[in-house]
Every structure is written in C-alpha cells, then in structure tokens.
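One line per chain: the protein sequences are A and B, in this order. Residue numbering for the first sequence is -13 to 339, as defined by the working numbering. Residue numbering for the second sequence is 24 to 192, as defined by the working numbering.
FYI, nobody ran anything at the bench for these hints, they're computed from the structure. The beta carbon of each residue, even a glycine, is placed where N, CA and C say it ideally should be.
With a Cα cut of at most 30 Å, we get these calculated DSBU-like pairs of lysine-lysine:
1) A/290 to A/266
2) A/336 to A/290
3) B/190 to B/162
4) A/87 to A/58
5) B/190 to B/163
6) A/189 to B/190
7) A/336 to A/266
8) A/55 to B/190
9) B/190 to A/58
Stretches of chain A that chain B covers, calculated by requiring three or more beta carbons in the stretch to come under 8 Å of a beta carbon on chain B:
10) 17 to 27
11) 129 to 142
12) 156 to 164
13) 264 to 277
Okay, here's what each chain looks like letter by letter:
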Amino acid sequence: MSLKDIVSRAYSYWMDGTGPEAGLVISSRVRLARNLAEFPFPHLLPVEQAEQVIHAVHLALQHREVTQKIGKLELIRMGELTAIERNVLVEKHLISPDLLKDYQKKAVVLRDDEVISIMVNEEDHLRLQVLLPGLQLREAWRLAAETDDLLERTLNYAFNERLGYLTACPTNVGTGLRASVMLHLPGLVLANQIESMVNAVAKLGLTARGLYGEGTEATGNLFQVSNQVTLGQSEEEMVANLTAVTGRLLAQERAARQALYRDRRETLEDRIWRSYGILKSARVLSSEETMRLLSDVRLGVDLKIIDGLSHRLINELMVLTRPAFLMKLAGREMPPHERDVFRARLVRDKLKQ
Amino acid sequence: MLCERCHQRVATVHLTEISNNVKREMHLCEACARELQGGPFGWLPQFSLHNFLAGLFEPDVAHEALRPRVGGRRCGRCGLSEEEMARGGLLGCASCYDAFQPRLEPLLRRIHGTSRHAGKVPARSGGRAKVLRELQGLKKQLEEAVAREEFERAAVLRDQIRELERKLG
Ligand SMILES: [Zn+2]
Ligand SMILES: [Zn+2]
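Looking at chain A on its own, in the form it has when it is part of the complex (with noise of 0.2 Å):
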C-alpha cells in the first residue's frame, strides 16, 4: 500500500478498540524529540539543510535492522500531499498542526499501521511517535525506544551527558519524552469534577487539557492527559507515574458513571438514546454536534444500555467526520453545510451496518 492510500484510509491501529481499559482509554502515546548534532534546530534551517536532514532520515529508515525489526517505515514530503491530505494527518492524530506550516521543509514517515510516525523538521529535527490503541504506555515507550535505538545507529543525535537530548524548547529537554493518554470521561463531566481532576493532575506534574480545546473545539469528553517535565526522571519512571494517575482516574470516572447510573438512571438512558437516534436519523450535522453524541453513545456502550455498537467503530467515526476527512472522502472542498449534510448521511450509513 502507498503512503498516499495510508493518508486516505479512514483506520488506524490507535482506533481498534482493543487494549487494556478500551473503553475509557481511547489511545496511548509516546513521542520522542530528537535533534541532529551537525545542523541548527529546524526553525533556523535553510532549506537546504532541511533537505539534508530529511535525506539523513530517509537513509536511517532503509538500514537494515529498522526494516528487519520496525517493519518498512516510508517517507513522504509534505509538499508531496495536498492540502487535504495534510490536514487528513493533523485528524488522524498522526502529525501535529505544526508540520503543515512551512511544509515544503518537512515530511513525515509513517509505518503501514500508522503505530509508527516521524515528524521531520517539526519543532525538532525529529519527532517520532508510537501511539496504540487502549492503555499501553509501557508497550508504547518499548516500541520508541527500539525505534529510537535502531535510528540512531545511522543518525548523529545532539546529545549532552548533563542535559540529555538537546531539543529545540528547553521545556522538552533530557528524555524529549511526551507521553500521553486520551481518555473518555464524561462520568467526571457529568459530576462536574472535571475541574478538580485538572488541577489535580497539574499537582501530579502532569497536564490534562481538552482534546479539541485548543482554539476550535471543547466537546466530545475527550481528555489528553501527559507528563509535563522532562528531565530529571527515567523515562520508565515517567510512563510509571502517568499510568498510575491515569488509573486512579478512572477508577474517578467509574465511580461517577456509577452514581450515574444508579441516581438518574432513566435521565442518563435517555439522553444516550436520544443521542443514538439523532446520530442515526439526523440529515445535518456539524462536526461540534456529531463529537458531543458520540460521546453519549460510547458512554452507552460502556454501559451496555447499547450493544451491537463497537468501539472501533465509534473511534473511526470520531475521525472520519473530522472537516478534512469528509472533503477527502467527498474528493472536493465542501463549504461548512454542505460537509454538515455530508457528515449526517455518513454517519447514518456507517450506524446502518
């Protein structure tokens, strides 16, 4: 399968389903930021340069032991893509808004399965990323720490036996390790204990923020919980703690789905069937609306008040009705509601089956 055919598939492994805790986690993370030795940080490099370090990185993929061990990993420049289909990769949580500015100096490499990306010339030279369907922080940090390893047999990294990897932000310097959890709670939304998780997580030295809260979109009970220092611990130690904090929430969220359940049965029940039918008969649907009722059906399935739904198809509808992806399914630019009407007969198609 071409890159190109990667880019437009709507599934990733992340969407499964599966893994431990699947239905509260949706997905777990690692991302690494690493540096060459011999060229200045990407935001002051010529394009040439970037050029080189791309070719650097190309020339590391085809090693032998990465092929052999990490499975073919293939490099796509970002020029090479439209601009859909750049956006399609911010979607599918494979690339970061970043790396669609000043496109022609970077690229991304990608395993078939997507558990594997690059990001090239990103704020650091590389970014390499392992992300995995439910709660496996420990099987993620593994797999980017023999990627890593495997890479650095050809690739010079900036490195300081004081500081560790030399990355472009000070805040990512030492292991350059972002690990991260994306979970579903809505139980603590519901309860209005969102706010006391946040602060105390931040305690914890870790962050959680709305997914879709930067600047767009605040809905769909999705949280990315990470680590926020990056120096002065083990790696493993980091991926410990995370996943310890991300235990005690859900066993939070568990406990509030439960008092849920138990105080308002009949207002929860039928606001997830409610949900359920909208997103089933609904001719417009905007991508804030579509997120919020997923949300409520997961949370049914969770529940077992809905069955015959999966995750992996709640997970890939989560995506496949994101702006960019419908106009790449669509195949053209959709103005806001033409894409809502798009996105209603999508989704009413896909519950069909």
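Using the hints, position chain B with the ligands against chain A.
Chain B with the ligands alone, transformed into the frame defined by chain A:
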C-alpha cells in the same frame, strides 16, 4: 437561527475562527458561549506555548541572572543572540545549550525542578562512553571508601552506580 450547541435558544453570538487555513463559524446562544469560553477547557484563544515560554525568560526581579543583557552573548555556531532566544523561547542549535548555559540553568530548574538528565543515553555517540568512564571512576571510589570503612559514603556511591547502570540499560 438556533444555537448549534443546545439547539434550544436563539444564537446571538457568532464566532469566526481560522485555523489551518480553514474558516470556521460557530453560532451560539449567550449561555453556551459563556460556558464554552469560561470553562477550564473552553474555547480559549489559541494559547501559544512559545509566548508562554518567552514569558519564562522574562526578567524576574529576584533573579539577576535572568535579566536580558543588552548586547548579550551570541551562540558562536548558529548566531542566535540571547535576546532572540528570550523573545522566541527556542534555542538555535545544540551549541546554544553551552553558549547560554548560565541563563538556561535557572530556567531549566524552574521548568523541570532539576537540570540533570536521568534517562536514556544514546548507545553509539559519546554519551555512552562518558557514562561508562564515569561508572569506572565511581567503582574505584567505592572500593576505596569500603577499604577505608566509610560506609555512608559507600552507600551514596552505590546508589550513583546503580543509577548509571540503569541508564546504560
Ligand atoms: Zn446554546
Ligand atoms: Zn546555537
């Protein structure tokens, strides 16, 4: 037009947002707009991490070391000036970490609570060799400490050795 969030009240707040070159409009009632904007995860204006970091570099009256110096030093390799670093919140190259070390030390401690790496070490480059060398030195010191029956010191050294061995994996 009804509010696209609650579908109950009339939309009186019309927001336009441009991200990734896509223009997005949102029509909300006042209650929903307030909720979205006020909440902890709300519709906060695009929050730029770099501006925030640049803020960290800002002079702190209590920290003379953090004050930007007029005509301050430059990185000899990439040419970035201390002032540019403070403004942009980003370093220019690996050598900047040496060039601006006095300025970075307190900053790193402020961000991370420490300025010492305790994680993974590259297998190939100088890092691993240096750790090995450090390890040898510590082992020698440990032998000496044990020979002189300085057990407290020996315990400290043993911890340091264990830490380094873990780094090497
Ligand atoms: Zn409203
Ligand atoms: Zn420099």
